Amino acid sequence: MSGQAEDLLQSEAEPVIEAGAVIEMAQPIDAARLKNILETALLTTQEPLSLAELKKLSDAPVENNLVENLLEQLAQECAGRGVELNRVANGWRFRARPEMQAYLDRLNPQKPPRYSRAVMETLAIIAYRQPVTRGDIEEIRGVAVSAQILKTLEARGWIDVIGTRDTPGKPSLYATTKQLLDDLNLRSLQELPPLEEMNSLIEQGEQAPMP
Amino acid sequence: MSGQAEDLLQSEAEPVIEAGAVIEMAQPIDAARLKNILETALLTTQEPLSLAELKKLSDAPVENNLVENLLEQLAQECAGRGVELNRVANGWRFRARPEMQAYLDRLNPQKPPRYSRAVMETLAIIAYRQPVTRGDIEEIRGVAVSAQILKTLEARGWIDVIGTRDTPGKPSLYATTKQLLDDLNLRSLQELPPLEEMNSLIEQGEQAPMP
Amino acid sequence: MNTLTQPIAPIPGVRIHGEPLLEMPQDLYIPPDALEVVLETFQGPLDLLLYLIRKHNLDVLDIPMAQLTRQYMAYIEMMQRNRLELAAEYLLMAAVLIEIKSRMLLPRPPKASEEESTEDPRAELMRRLLEYEQMKLAAQKLNALPQVGRDFELVQVLIERTVGQRLPDVAVEDLRQAWLALLARAKQNAHHKVRREELSVREQMTRVLRQLRHGEFEAFENLFDAGDGIAQLVVTFIAILELSKETLVEITQTETLGNIYVRASRRLTAE
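Protein chains in written order, with my numbering: chain L, 2 to 212; chain Z, 2 to 212; chain U, 8 to 278.
Next up, chain L with everything else stripped away, as it sits in the complex:
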């Protein structure tokens, strides 16, 4: 490993720096080189690097001032570029300028997140059985339904509380909203897949197609 690194270094035109090599005393700090190393470290790390950490990158002991100067230089060199070097609470870090995000989003065909099965089943029950209480949903699903699930769907604007049932505890009654229909590109709930058809699907094959 280290032998290999050495080989690589030797074949470079640049002067050789050996990891952990003892630097001759009183060797002047090569500021340009240190700046290079600082930049590389900051470019490869997403978390901010503190001054103390950055100082570790120098082979010879180095003043805070010098490191900070180099960092300022690096920051200035970012003028007009898509990234900038910021000083934040925990240290220094590069980040992409916010106006670049629109472009970078084009690259991120991140798979859209998916709702959990619990969320989808809850939504399905509310859609097909509205208005329902949380208790109703739990009865059909056979398991507890966390408040978080209902909150998620409410925050999305897909369900809301349209009243309470007149039973002990006065549970809220949930129904789906027009927003859900819009988002599903439906004109009315009746355009949801009919339940009977699904029933037959289940009956035919023992193995239900699971989501």
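Hints are computed from structural coordinates only; laboratory data are not their basis.
Everything numeric in this text was worked out from a predicted model, so none of it was measured.
Ideal Cβ placement from N, Cα and C applies to all residues, glycine included.
Careful, some of the hints might be misleading.
Unchecked claim - Calculated lysine-lysine pairs in the DSBU-like style (CA-CA distance at most 35 Å, straight line): (1) Lys57(L) x Lys36(L); (2) Lys62(U) x Lys171(L); (3) Lys56(L) x Lys36(L); (4) Lys62(U) x Lys108(U); (5) Lys36(Z) x Lys56(Z); (6) Lys62(U) x Lys171(Z); (7) Lys171(L) x Lys152(L); (8) Lys148(U) x Lys179(Z); (9) Lys62(U) x Lys148(U); (10) Lys36(L) x Lys148(U); (11) Lys179(Z) x Lys36(L); (12) Lys171(Z) x Lys152(Z); (13) Lys179(Z) x Lys56(Z); (14) Lys152(L) x Lys179(L); (15) Lys252(U) x Lys179(L); (16) Lys36(Z) x Lys57(L); (17) Lys36(Z) x Lys56(L); (18) Lys36(Z) x Lys36(L); (19) Lys36(Z) x Lys179(Z); (20) Lys148(U) x Lys152(Z); (21) Lys36(L) x Lys171(Z); (22) Lys152(Z) x Lys179(Z); (23) Lys56(Z) x Lys36(L); (24) Lys36(Z) x Lys57(Z); (25) Lys57(L) x Lys148(U); (26) Lys57(Z) x Lys179(Z); (27) Lys152(L) x Lys252(U).
What the hints assert, rightly or not - In silico negatives: residues of chain U with every beta carbon more than 12 Å from chain L: (28) Lys62; (29) Pro71; (30) Gln74; (31) Leu75; (32) Ala101; (33) Ile107; (34) Ile267.
To be verified - If you want a taste of the chain Z side facing chain L, the calculated C-beta under 7 Å gives, among others: (35) Glu40; (36) Ala42; (37) Thr45; (38) Gln47; (39) Lys57; (40) Ala97.
Fit chains Z and U to the known structure of chain L by using the hints.
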């Protein structure tokens, strides 16, 4: 339909399809700005970006040539810096030069494990003899190959099953992935170290074609 | 005393080149208790054979079988002596070596059966050794290539995605799948009756309840939209009856044939 296609063709050089907006002349591509955006995208993404992806970063349709020129410029601008822009199997990406590793290790002492000889020999056989079955690998190594070894390489994303051999038991055929090439900073299998010329005896038709 | 110094004394009966076992290749001699480690350093019988061949500068293409077999057997014996669990491949290889050696002792048959029997019995072993060695070297070179994370790092500058994170997309198909899953489970549990139900009624129930949300009485006829077709009006009527049945609404009529009023169940709206 065809009218629409025509419109699209006519406005080819135009930036965006704004309903009703009449854009007079073909807007020239701002190369400096595009280079900026390309650089930012590459700096913020660890995975290599393909030319097709990079072209999406331009507001107006752009030639491969132009993008490649800009990438070459970016690569050249890295001269003397601690990072470099490389072309690998899956596209373009920045990396820190290996000679920086000794410094970066000071900040982040955890290193991925070095793989055992068994793992590396298995990988080598898959790389140079692909596609191969587990049986093929065992035949060459002269020992059983544990499922764990193959799993390790699969989990790392370096090999995958590309089919089965049509023999009893239908053994899986393993091959290396582009990810392996990316991780070794290579563009293609041909950039792997050439196999050692063994004595001519072995080459009497036994030698598998080299990838 | 003498018996306790056994590691220093030559292991009886095991001789290589006429030398006691202790004189085995220097770097290969290991105290018996460390043998396990050595065994692990070999990737198998081919690796061990290659070591013995390379160590003694033997030509793979012209392996002196007697010598090689003797060394190999000594090694195996040493492993067994120390009761190390010996992989079957090592023993198999011993058998192969002995077989080759014995075949070489036999007089070569005349050229009668061309191909097969005139072939040097060592050929197959040589082929395997060379092929293994080739891959072994390739593995070393492969391992020497700079590897991401180990020998170099990738650049990754932070990009803050401040704008609201992407919300999951849901399609009708997802709802259908969710319901199918519920059905499948209900079927297993057997006690859930999934009745056939008119969604339109449910939809109207929701609409009416929404309309009554203010808690005040609403004229019965206001709950209907005259623009709806007859079928829709019937559905709305059924919805109101269903709501009443579920005590979600109160229906009152102060006088016979007078106006009918509907409101959300009183206790229901009083918080």
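Now for the hints, and whether the structure bears them out:
Simply put, Lys57(L) and Lys36(L) have alpha-carbon atoms about 13 Å apart, close enough for the 35 Å limit, and the pair holds. Of the pairs offered as hints, the one joining Lys62(U) and Lys171(L) is violated, with about 87 Å between alpha carbons and a cut-off of 35 Å exceeded. Distance hint between Lys56(L) and Lys36(L) is fulfilled; the C-alpha atoms sit about 11 Å from each other, no more than 35 Å. Proposed proximity of Lys62(U) and Lys108(U) is supported: the alpha carbons are some 20 Å apart, at most 35 Å.
Restraint check for Lys36(Z) and Lys56(Z): satisfied, since their Cα atoms lie roughly 11 Å apart, inside the 35 Å limit. Restraint check: the Cα-Cα separation between Lys62(U) and Lys171(Z) comes to about 40 Å, which exceeds 35 Å; the hinted pair is violated. Taking the CA atoms of Lys171(L) and Lys152(L), the gap is about 18 Å. The hint holds against a cut of 35 Å. Proposed proximity of Lys148(U) and Lys179(Z) is supported: the alpha carbons are some 19 Å apart, at most 35 Å.
Proximity of Lys62(U) to Lys148(U) is assessed by CA-CA distance (about 21 Å); at most 35 Å being required, the pair is judged to hold. The straight-line distance between the Cα atoms of Lys36(L) and Lys148(U) is roughly 33 Å, inside the 35 Å bound, and the hint therefore holds. Between Lys179(Z) and Lys36(L), the direct Cα distance comes to roughly 34 Å. Compliance with the 35 Å bound is thereby established for this hinted pair. Straight-line distance between C-alpha atoms of Lys171(Z) and Lys152(Z) comes to about 18 Å, which keeps the hinted pair within the 35 Å bound.
Taken as a hint, the Lys179(Z) and Lys56(Z) pair is honoured in the structure, with Cα atoms around 21 Å apart against an allowance of 35 Å. Between Lys152(L) and Lys179(L), the direct Cα distance comes to roughly 17 Å. Compliance with the 35 Å bound is thereby established for this hinted pair. Taking the CA atoms of Lys252(U) and Lys179(L), the gap is about 25 Å. The hint holds against a cut of 35 Å. Straight-line distance between C-alpha atoms of Lys36(Z) and Lys57(L) comes to about 33 Å, which keeps the hinted pair within the 35 Å bound.
Restraint check for Lys36(Z) and Lys56(L): satisfied, since their Cα atoms lie roughly 32 Å apart, inside the 35 Å limit. The straight-line distance between the Cα atoms of Lys36(Z) and Lys36(L) is roughly 23 Å, inside the 35 Å bound, and the hint therefore holds. Only pairs whose Cα atoms come within 35 Å are accepted, and Lys36(Z) paired with Lys179(Z) is accepted, the gap being roughly 26 Å. Only pairs whose Cα atoms come within 35 Å are accepted, and Lys148(U) paired with Lys152(Z) is accepted, the gap being roughly 22 Å.
Taking the CA atoms of Lys36(L) and Lys171(Z), the gap is near 57 Å; set against the 35 Å cutoff, the hint is violated. Between Lys152(Z) and Lys179(Z), the direct Cα distance comes to roughly 17 Å. Compliance with the 35 Å bound is thereby established for this hinted pair. Distance hint between Lys56(Z) and Lys36(L) is fulfilled; the C-alpha atoms sit about 32 Å from each other, no more than 35 Å. Restraint check for Lys36(Z) and Lys57(Z): the C-alpha separation of about 13 Å stays at or below 35 Å, so the hint holds.
Distance hint between Lys57(L) and Lys148(U) is fulfilled; the C-alpha atoms sit about 33 Å from each other, no more than 35 Å. With a C-alpha separation of about 22 Å, the suggested pairing of Lys57(Z) with Lys179(Z) holds against the 35 Å cut-off. With a C-alpha separation of about 29 Å, the suggested pairing of Lys152(L) with Lys252(U) holds against the 35 Å cut-off. Non-interface status of Lys62(U) relative to chain L is upheld: no Cβ of that chain comes within 12 Å, the nearest being about 23 Å off.
Every C-beta of chain L lies more than 12 Å from that of Pro71(U), the closest at about 35 Å, which supports listing it as non-interface. Annotated as non-interface, Gln74(U) keeps its C-beta farther than 12 Å from every C-beta of chain L; the closest such distance is 34 Å. Once the 12 Å rule is applied to beta carbons, Leu75(U) is consistent with being away from chain L; the minimum gap is 32 Å. Taking the minimum C-beta to C-beta distance to chain L, about 36 Å, the non-interface status of Ala101(U) holds against the 12 Å cut.
The claim that Ile107(U) is not at the interface with chain L holds, since no C-beta of that chain comes within 12 Å of its own (minimum 39 Å). In this structure Ile267(U) is separated from chain L by more than 12 Å, as the shortest Cβ-Cβ distance comes to about 20 Å. Because the beta carbon of Glu40(Z) sits about 6 Å from the nearest beta carbon in chain L, less than 7 Å, this interface hint is met. Against a cut-off of 7 Å between C-beta atoms, the interface hint on Ala42(Z) holds, since the closest Cβ of chain L lies about 6 Å away.
The interface hint given for Thr45(Z) holds, since its Cβ lies 5 Å from the closest Cβ of chain L, which is under the 7 Å cut-off. Checking Gln47(Z) against chain L: minimum C-beta separation of about 10 Å lies over 7 Å; hint violated. For Lys57(Z), the shortest C-beta to C-beta distance to chain L is roughly 5 Å, which falls under 7 Å, so the interface hint holds. The restraint placing Ala97(Z) at the interface with chain L holds, with a minimum CB-CB distance near 5 Å, inside the 7 Å limit.
Checked against the numbered hints above, the structure violates hints 2, 6, 21 and 38; every other hint is satisfied.
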